[in-house]
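In this text, residue positions in the sequence shown follow our numbering: the first is 230, and each later residue adds one.
Honestly, the hints are just simulated from the structure, not real lab data. These numbers come from a predicted model, not from an experiment. One or more hints might be untrue.
To be verified - Dumping the calculated PhoX-like pairs for lysine-lysine here, alpha-carbon to alpha-carbon at most 20 Å: (1) K287 - K328; (2) K318 - K328; (3) K251 - K287; (4) K307 - K318; (5) K317 - K328; (6) K251 - K328.
To be verified - FRET-style restraints, in silico, Cβ to Cβ: (7) Q270 - R304: 14 to 24 Å; (8) Q272 - D321: 20 to 30 Å; (9) G294 - I243: 37 to 47 Å; (10) A314 - F285: 11 to 21 Å.
Here a beta-carbon is modelled for each residue, glycine too, at the ideal position from N, C-alpha and C.
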Amino acid sequence: MTLWQATVSSPVNITCIKYWGKRDTNLNLPVNSSLSLSLNQGQFCTTTTGQANALFNKDRLWLNGKEQNINPGGRLDKCIWVMRALRKKYEDECNQPDKVSAWSIHVASYNNFPTAAGLASSAAGFAALTYCLATVYRLPM
């Protein structure tokens, strides 16, 4: 069976001026603009590897070596769902023989900096996750 895999990394950023709240929590839109700086990716980054395989029985995620729950309807679940839907659309429109959108995903993500230390680890993680899934799914965008 074929294994589709990709590894990507995303830089960490530090916020100088914080947006202080959300005007729309569903769309994750801030009340105010913010200003942040990306740090040197060679020194501070999130590295994410994703794999899709027909033999996997469910989506799974490991963060810094520890398996995490994927809460139904949570941010992580929504991200995977949207990327999977984009792959399904691509398969349908382009008559792709590999129906990878039906396969489960395994993701391992590692931060080479302290997680939850004010360095936007979740932003770096979701950027890496999104790009990783787009690469695994071979999306044309």
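Checked hints:
For the given pair, K287 sits about 16 Å from K328 by alpha-carbon distance, which is consistent with the 20 Å threshold. Between K318 and K328 the CA atoms are separated by roughly 11 Å; this keeps the pair inside 20 Å, and the hint holds. Distance restraint check for K251 and K287: the Cα-Cα separation of roughly 32 Å exceeds the 20 Å cut-off, and the hinted pair is therefore not satisfied. With a C-alpha separation of about 16 Å, the suggested pair K307 and K318 falls inside the 20 Å cut-off, and the hint holds.
Taken as a hint, the K317 and K328 pair is honoured in the structure, with Cα atoms around 8 Å apart against an allowance of 20 Å. The suggested pairing of K251 with K328 is violated, with an alpha-carbon distance near 37 Å, which exceeds 20 Å. The hinted range of 14 to 24 Å is satisfied by Q270 and R304, whose Cβ atoms lie roughly 23 Å apart. In this structure the hint that Q272 and D321 lie 20 to 30 Å apart at CB is violated, the actual value being about 42 Å.
Take G294 and I243: their Cβ atoms lie about 24 Å apart, and the range 37 to 47 Å is violated. Hint check: A314 to F285, Cβ distance near 18 Å, so the stated range 11 to 21 Å holds.
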